[in-house]
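Numbered according to numbering that gives the first Met the number 0, the sequence shown terminates at residue 515, and the numbering increases by one at each position without gaps.
Hint data in this document are derived by calculation from the structure and do not stem from the laboratory. A few of these clues could be false.
What the hints assert, rightly or not - Mimicking BS3-like on lysine-lysine, the simulated pairs with C-alpha atoms at most 30 Å apart in a straight line are: (1) K351 / K413; (2) K413 / K13; (3) K257 / K313; (4) K497 / K473; (5) K413 / K313; (6) K497 / K509; (7) K481 / K412; (8) K257 / K413; (9) K473 / K413; (10) K322 / K413; (11) K257 / K322; (12) K473 / K502; (13) K364 / K413; (14) K351 / K364; (15) K507 / K481.
As the structure is a computational prediction, the values presented were derived from the model and not from experiment.
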Amino acid sequence: MTVLHRGSSTIFYKLEPGDAEPDAEQLVFVHGNRTTHTCFDLLVPFLNDRFPLIRYDLRGFGRSDLGDAPLSLEAYCDDLLHLVRTLGIRPFHLIGYGFGAIVAARFAVLYPESVKSMVLISLPFSPDPSAVNNPDCLETPSSKGTAGSVDRLADLMASLPSDHPIHGKIDFAALPSTCHWITELSMRYQPIDDLERLSVPTLLLCGEEENSSPVYLSLMAAFYLSEYKLYTVPDSAYMVLLDQPALTATWIANFIGKLGRKPIAEEAKPKSRDMQQYMKQLIKIGEAAVASGDELRVELLEGFHVYANGMEIKGGWNQRFAKNIFLYLLLHRSVSRDQLCETLWPNLPLGKARSYLRVYLSHLKKLLEPSNRAPAFLIMEREDVSLYGRIVCDALDFVQDITIASQEEDDRKKLAQCRKIFQTLPVTFFQSLYDDWFLMMREEWEHNLESLAVWMADYFIQQGNPQEASVHLKHMLRILPKNETLVDKLIVCYERSKDVPSKEYWKKQKDLFDAS
């Protein structure tokens, strides 16, 4: 039995040098709640020929005892630090699953010099931390003395085939109180604070059909990482490690193998930094928005309409820069007064612009909050201005849809997302404001639409269906008229389908574009 002692706790670990070269980079694995180091068993054959592997049991699980020290996330990080220092492990690649992903993220924040890269599998991310107060979400002791959610887990296992790899991987010997504590911590855990501080390249993996860590939450988490890859594991409903071990191992190995080449940030992240900032602001302010219950609904794609708790706010929008300020806040949610002034009135001295802004904000607040009983949607502090409450906006949904489509690597899902965007987008959109900052953003959105349209056309061409590609390109040309990139791709489609008249027509149209 290979163990280390830390205080009153015994930590079981397993070294697997395998067939890796003596100087090969090492992988350290951290398992999740109710499991042990054995949950990674199916990955070992696919990785052990290239990397030495180190697995261990978290305190309170498997062959590691609980010890006398109180449970805490920091204690689990200290255990990991004790393990790697005692074994003399040089900077390594850290792989965490479930609760182990939380431990890994916090460890990488505390000891970045020890971690070369990180893989977070099924990272817990609850959009509503208050859900932890719902007893149905936690393990509550049952009449049999076991944890309620463990009973549900047993029901799940009973419903799976007897040869499913999950059998034998669950640690039912762990104390219910330990499982309960980890579940509660996982539900309260908000990864944003750790992810924003991470400086190591990170691979995020989530199962296609996971409920506890769905894809959209992993995408939200990814916006906070400086360097990341995000992959969705297909046909994985419960445990990625067990459902798709070969694919999971391949992605991990490829991710590590590409480190030091093309920066991950350039390869995988959306091109738009602004889009990431929108998402980050939405997530941070969204917690308070859910709690308030007040809703501000904005229609911006086609026209301009604002509704406060269902009642339209009419009139006053074209006075004192109300619409300009409101839209900037809508897309950024929280900004400094100086940022507003420098963006909206760049040619005015800052002092004068701030004086005007006070008057303009007062006007906007009266529009949004016409009486003392009205909900407080506009929060004005000494240096910052914020929109508060639940914000529903077709433009924000549009930005999010584009971001998701740009990130998606599964062709089938990406195609469905592109169809959704193109079929719902009006022919004329974002015609309500012509400020320079807004036009720059619109230009970026149009560029992303163009990229998705070209991808969609290439997809159908590769499928041997240039006719379908031409239909979608012509639709997009109604939205983005005189777009030469789309016209060039349309001409290619007609060449492939041998439609000479249509090809010649669009070549003439392009000549007219150039002439104008």
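Taking the hints in turn, this is what the structure says about them:
1. This hinted pair does not check out: K351 and K413 have alpha carbons roughly 48 Å apart, beyond 30 Å.
2. Among the hinted pairs, K413 with K13 is inconsistent with the structure: their alpha-carbon atoms are about 41 Å apart, more than 30 Å.
3. A threshold of 30 Å between alpha carbons decides the hint, and for K257 with K313 the separation of about 55 Å lies outside it, so the pair is violated.
4. Between K497 and K473 the alpha-carbon distance is near 17 Å, which keeps this suggested pair within the 30 Å criterion.
5. For the hint pairing K413 with K313, the CA-to-CA distance comes to about 39 Å; that exceeds 30 Å, so the pair is violated.
6. Annotation: proposed proximity of K497 to K509 holds, straight-line Cα distance about 19 Å (limit 30 Å).
7. Note on K481 and K412: the hinted pairing holds, with a Cα-Cα distance of about 29 Å set against a maximum of 30 Å.
8. For the given pair, K257 sits about 24 Å from K413 by alpha-carbon distance, which is consistent with the 30 Å threshold.
9. A distance of roughly 20 Å separates the Cα atoms of K473 and K413; the hinted pair therefore holds under the 30 Å criterion.
10. As the CA atoms of K322 and K413 are separated by approximately 34 Å, the hinted pair breaks the 30 Å bound.
11. For the given pair, K257 sits about 47 Å from K322 by alpha-carbon distance, which is inconsistent with the 30 Å threshold.
12. At roughly 12 Å between alpha-carbon atoms, K473 and K502 fall within 30 Å of each other, so this suggested pair holds.
13. Taking the CA atoms of K364 and K413, the gap is near 41 Å; set against the 30 Å cutoff, the hint is violated.
14. Annotation: proposed proximity of K351 to K364 holds, straight-line Cα distance about 20 Å (limit 30 Å).
15. Of the pairs offered as hints, the one joining K507 and K481 holds, with about 12 Å between alpha carbons and a cut-off of 30 Å not exceeded.
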